[in-house]
Amino acid sequence: MVTLTAPESTANTAPEARVPESTTVDLAVTSVRELNQAIHNAADGQAWTVTNPGGKHSLAVGIDADIAVTIEGHAGYYAAGMHQKGGVTITGNAGVGLAENIMSGRIHVTGDASQSAAATGHGGLVVIDGNAGARCGISMKGVDIVVGGNIGHMSAFMAQAGRLVVCGDAGDALGDSIYEARIYVKGTVASLGADCVEKPLREEHLAELAELLAAAGRTDNPADFKRYGSARNLYHFHVDNSTAY
Amino acid sequence: MCGIAALQLRNPSLHPRMGSLLSSMLCQIVDRGPDSAGLAVYNTPGLVSEGTSTLSLLGRDQGITTAAITAGVAALLPSDAQAAVQVVGDTTLVSAAVGTDLLVKAVSETLRGSTIIGRGEHVAVMKSVGHPMEIAADHGLEAMAGSQGLSHTRMATESAVTAGGSHPFSVADDLCLVHNGSFSNHATVRRDLRREGVVFDSDNDTEVGARYVASRLKQGDTLEEALVNLGKVLDGFYTLVVTTADSMAVVRDPIACKPAIIAETDDYVAMASEYRALAGLPGIDNARIFEPEPGKVYTWSL
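Keeping their order, the protein sequence lines are chains A and B.
Per the numbering used here, the first sequence runs over residues 126 to 370.
Per the numbering used here, the second sequence runs over residues 240 to 541.
It should be emphasised that the hints constitute simulated quantities derived from the structure, not laboratory data.
Just so you know, even glycine gets a beta-carbon here, dropped at the ideal spot from N, CA and C.
Hints are not guaranteed to be accurate.
As the list claims (entries may be wrong) - Pairs of lysine-lysine, BS3-like flavour, derived with a Cα cap of 30 Å:
#1 B:497 with B:535
#2 A:266 with B:497
#3 B:497 with A:311
#4 A:324 with A:266
#5 A:351 with A:324
#6 A:311 with B:535
#7 B:457 with A:351
#8 B:457 with B:471
#9 A:311 with A:266
What the hints assert, rightly or not - Every beta carbon over 12 Å from chain A, so not counted as near; a handful from chain B, in silico:
#10 253
#11 321
#12 372
#13 421
#14 517
Whole structure, please, built from the sequences with the hints as guidance.
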């Protein structure tokens with residue numbers, strides 16, 4: 126059984142004063158499986174608060190309703206994976222594989238995220254206020270990622286679509302074997318991966334960057350960023366390489 | 240996979256709780272390596288004492304009674320050596336007021352088939368096959384006091400599931416090493432070390448790492464230098480934790496294949512494979528929590 130500790134009913138209050146009722150799930154007494162089942166059964170518009178997450182894995186995964194989930198504390202591996210609708214806010218750090226394969230919706234981490242954040246994400250927005258570890262946005266396929274701090278090595282590896290915004294520095298081999306995603310970095314890039322190059326920051330890029338930064342609640346100046354993307358040299362086999370095998 | 244949990248207590252008032260804190264951490268990494276486990280505890284009263292060398296031997300049954308071991312070892316040592324033997328869980332501890340080299344010689348002669356899994360003035364090492372929490376309970380970890388503790392749960396990949404293949408590997412005085420990952424060129428490095436005269440107990444890849452670190456330290460490297468050198472010589476995936484009598488080091492391979500997270504407060508430094516192992520530590524809400532960067536050696540001394 127999920128332990129439901131909803132606040133006083135707001136049914137009798139005037140509509141303009143109504144605050145969404147939040148259901149609290151305490152993971153000190155409720156299992157992760159029960160939490161995930163409960164939010165899979167949730168209806169659009171609901172708010173859920175998860176307390177005592179204790180770094181447990183697979184929290185708030187597979188959400189397919191327009192709900193707002195707040196995890197108060199640190200989450201373990203694969204938090205908010207396969208996210209479809211609504212939003213998840215983690216007021217703490219997230220472990221490996223945050224928002225893995227996110228399809229749409231919004232994930233916000235106020236602390237740091239470990240490796241492979243938003244890996245293979247198809248859509249939606251992932252905001253990490255702190256740093257992200259290695260392989261951030263690996264194989265991203267349309268997700269937007271905004272990182273307030275630094276990202277680790279091999280980020281956006283084989284990225285296919287989407288935007289990755291980094292307000293700090295990027296680690297080694299950024300965008301290695303990238304297809305078509307756009308990467309914006311404000312700080313330094315330790316090194317670019319194979320076929321990833323710096324590209325001009327045109328008006329349309331400044332505009333989309335401003336939009337992404339605003340969506341992430343950030344005040345950075347888009348003009349301070351550099352843009353990186355695919356040189357498109359790995360798209361086709363190059364005949365000069367035929368003797369290399 | 241494999242799981243690691245390590246704790247260095249800066250605040251002596253936490254020393255009585257070392258075992259219970261380490262046990263609570265270990266409990267959260269069992270899933271990462273349920274086949275066997277090992278523990279190293281430092282300055283634990285009742286197991287080791289100042290001015291005395293202690294050897295940890297694999298197994299509770301050494302083939303002869305503890306009285307016979309005591310008598311056999313005592314006969315080979317000076318008369319004031321005060322040799323003592325006790326069995327803790329699945330580990331036999333032999334101690335005497337002599338240098339470790341002399342004690343190793345005496346124990347090896349008395350118990351020819353024995354495997355020494357720990358040695359030094361400050362450390363006791365315990366390892367076995369089975370569920371990690373049962374191994375910890377069998378050895379009475381919960382009640383142990385101490386200044387540092389190191390635990391490892393193993394999911395074996397490079398060598399057999401045996402107590403001897405469990406971590407930590409302790410191959411020099413008060414030095415312990417645990418490993419999550421695998422070394423790919425361990426056979427080459429083992430051959431090189433053998434040529435230098437180093438003797439191995441197992442076919443395990445991690446033992447090569449431990450012997451390499453011990454060899455570097457013997458040649459005058461600091462702990463940090465030894466681990467930087469390890470990164471140049473050993474290839475593979477690794478998160479390593481190395482402890483000595485008064486320090487602890489953490490290093491991850493340069494591409495960070497294996498996880499690690501560290502929590503630091505004025506009272507302790509704790510490292511684990513996953514945050515959930517740190518979640519129950521006192522004052523964790525105000526700890527500085529970070530993932531060690533790839534290829535960077537972190538050290539803390541008491």
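Right, here's what the structure says about each hint:
1. Straight-line distance between C-alpha atoms of residue 497 (chain B) and residue 535 (chain B) comes to about 14 Å, which keeps the hinted pair within the 30 Å bound.
2. Under the criterion of a C-alpha separation no larger than 30 Å, the hint pairing residue 266 (chain A) with residue 497 (chain B) is consistent with the structure, at around 25 Å.
3. Our distance criterion of 30 Å between C-alpha atoms is met by residue 497 (chain B) and residue 311 (chain A), whose separation comes to about 28 Å.
4. For a cut-off of 30 Å, the pair hint linking residue 324 (chain A) to residue 266 (chain A) stands: about 20 Å separates their Cα positions.
5. For the suggested pair residue 351 (chain A) and residue 324 (chain A), the alpha carbons sit about 8 Å apart, so the restraint of at most 30 Å is met.
6. Between residue 311 (chain A) and residue 535 (chain B) the CA atoms are separated by roughly 24 Å; this keeps the pair inside 30 Å, and the hint holds.
7. Distance restraint check for residue 457 (chain B) and residue 351 (chain A): the Cα-Cα separation of roughly 49 Å exceeds the 30 Å cut-off, and the hinted pair is therefore not satisfied.
8. As the CA atoms of residue 457 (chain B) and residue 471 (chain B) are separated by approximately 18 Å, the hinted pair is consistent with the 30 Å bound.
9. For the given pair, residue 311 (chain A) sits about 22 Å from residue 266 (chain A) by alpha-carbon distance, which is consistent with the 30 Å threshold.
10. For residue 253 (chain B), the requirement that its beta carbon stay farther than 12 Å from each beta carbon of chain A is met, with the minimum near 21 Å.
11. No beta-carbon of chain A is positioned within 12 Å of the beta-carbon of residue 321 (chain B); the least distance is around 46 Å.
12. Non-interface status of residue 372 (chain B) relative to chain A is upheld: no Cβ of that chain comes within 12 Å, the nearest being about 18 Å off.
13. Every CB of chain A is more than 12 Å from the CB of residue 421 (chain B) (nearest about 18 Å), matching its label as outside the interface.
14. The beta carbon of residue 517 (chain B) is not kept farther than 12 Å from every beta carbon of chain A, the shortest such distance being approximately 7 Å.
In summary, the numbered hints that this structure violates are 7, 14.
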